[in-house]
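Novice: Residues per chain, in single letters:
Protein chains: 2
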Amino acid sequence: MPQGQPLTVPDDGLTTRQRRNRPLLMVHTGDGKGKSTAAFGLSIRAWNQGWNIGVFQFVKSAKWRIGEQTVLERLGRLHEETGEGGPVEWHKMGAGWSWTKKQGDAEDHARAAAEGWQEIKRRLAAETHDLYVLDEFTYPIAWGWVDPEDVVTTLRDRPGKQHVVITGRRAAPELIEVADLVTEMGKVKHPMDAGQKGQRGIEW
Amino acid sequence: MPQGQPLTVPDDGLTTRQRRNRPLLMVHTGDGKGKSTAAFGLSIRAWNQGWNIGVFQFVKSAKWRIGEQTVLERLGRLHEETGEGGPVEWHKMGAGWSWTKKQGDAEDHARAAAEGWQEIKRRLAAETHDLYVLDEFTYPIAWGWVDPEDVVTTLRDRPGKQHVVITGRRAAPELIEVADLVTEMGKVKHPMDAGQKGQRGIEW
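Here the protein sequences line up with chains A and B, keeping their order. Under this note's numbering, residues 13 to 216 are what the first sequence spells out, in order. Under this note's numbering, residues 13 to 216 are what the second sequence spells out, in order.
Derived from the structure by calculation, the hints contain no laboratory data. It cannot be assumed that every hint is accurate.
It does not matter which identical chain is used: a pair holds within one copy or between any two.
In silico lysine-lysine, BS3-like type, Cα no more than 25 Å apart, as pairs [to be verified]:
1) K199 / K209
2) K199 / K133
3) K173 / K201
4) K133 / K209
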């Protein structure tokens with residue numbers, strides 16, 4: 013919603029409409045809760061616009077199915093059945109959790125992440141999706157599993173009108189630099205600090 | 013998902029399961045993007061668990077219908093049709109946008125907000141919903157339209173297992189104090205700073 017006027021009007025030769033509709037690279041980072049949740053919230057907004065959505069979960073185990081996956085895939089089927097909204101694809105690439113990385117598995121994780129990124133590059137080149145959610149993609153970058161320069165160049169030079177949102181802690185400075193929108197989710201207070209573990213419906 | 017061990021185990025006489033399933037009061041605040049988006053992302057997660065969801069939009073105009081409303085209400089109808097997920101109610105209480113408050117309208121806004129809060133109090137007492145989204149509710153508190161002490165006491169003493177998420181900038185200190193989970197969405201970078209206005213599918 014048009015929540016006000018921009019602070020500056022750049023001399024970029026674009027009309028307001030052209031500038032408004034430029035595709036965005038968004039980053040949700042920081043130690044607080046809500047990075048992925050906001051990305052999935054954005055996905056339902058995008059679905060409602062009829063956009064083609066591709067979700068790529070890095071790191072998280074293929075054994076784990078979060079509620080958002082069920083709902084977004086359900087919305088994707090609704091699109092197939094009734095034409096409402098847009099199509100949805102959900103891919104999980106990691107072979108294990110980031111916090112239980114076992115010695116010996118690291119190589120497979122790295123290879124899986126690199127393969128995931130290659131697939132995303134192919135899709136960006138083919139303009140497959142309108143919105144890409146690269147969930148927890150900051151970690152493969154931080155761990156050197158994918159090349160930050162390759163990521164930045166690919167995203168910066170992506171063709172057409174493809175929006176991308178990347179989530180995860182410790183976003184690389186070069187990613188922040190090239191992004192259009194960066195939100196830092198800061199932890200002010202978390203139930204885990206008071207001895208409360210995550211719960212169904214809130215955390216997954 | 014169980015992302016680790018709590019830092020402390022409190023001496024509160026609760027089992028881990030009891031403590032895990034305590035209802036949460038969550039606050040998404042700060043100047044960055046993602047506060048409401050994460051609350052609606054949380055709502056689809058809750059829907060998937062079959063929870064009864066009540067969304068209460070303060071401030072925002074009844075004329076404006078955001079994509080999340082369409083999708084969540086569609087999910088609510090899906091629940092009625094197929095039994096999937098949970099029921100959804102969506103209420104918009106404000107009579108105008110916060111950034112276009114007109115002289116003379118202020119009193120009506122204040123009354124509408126106060127009435128909204130009274131309705132929410134009734135529902136909390138009746139344990140109507142499993143998840144309450146009080147979107148942009150920090151503003152009526154900040155503007156003195158509802159009494160912060162009444163809000164804090166009511167939320168702290170709410171019966172049963174009712175989760176509440178409150179969004180908006182400048183959350184009152186007493187609200188932060190009583191909350192279980194507080195995330196500060198900080199603006200690192202926003203397209204508006206580069207002269208780009210909000211766009212369909214991203215902002216609404």
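Novice: Please go over all the hints and tell whether each is borne out by the structure.
Specialist: Cross-check of the supplied hints:
1. Proximity of K199 to K209 under the C-alpha cut-off of 25 Å is restricted to the intra-copy arrangement: shortest distance 16 Å within a copy versus 28 Å between copies.
2. In this assembly of identical chains, K199 and K133 lie within 25 Å of each other by CA distance neither inside one copy nor across copies; the values are 32 Å within and 28 Å between.
3. Taking the shortest Cα distances, K173 and K201 sit within 25 Å of each other only across copies (20 Å), while inside one copy they are farther apart (37 Å).
4. In this homomeric assembly, K133 and K209 never come within 25 Å of each other (Cα to Cα): the closest approach is 37 Å inside a single copy and 28 Å across copies.
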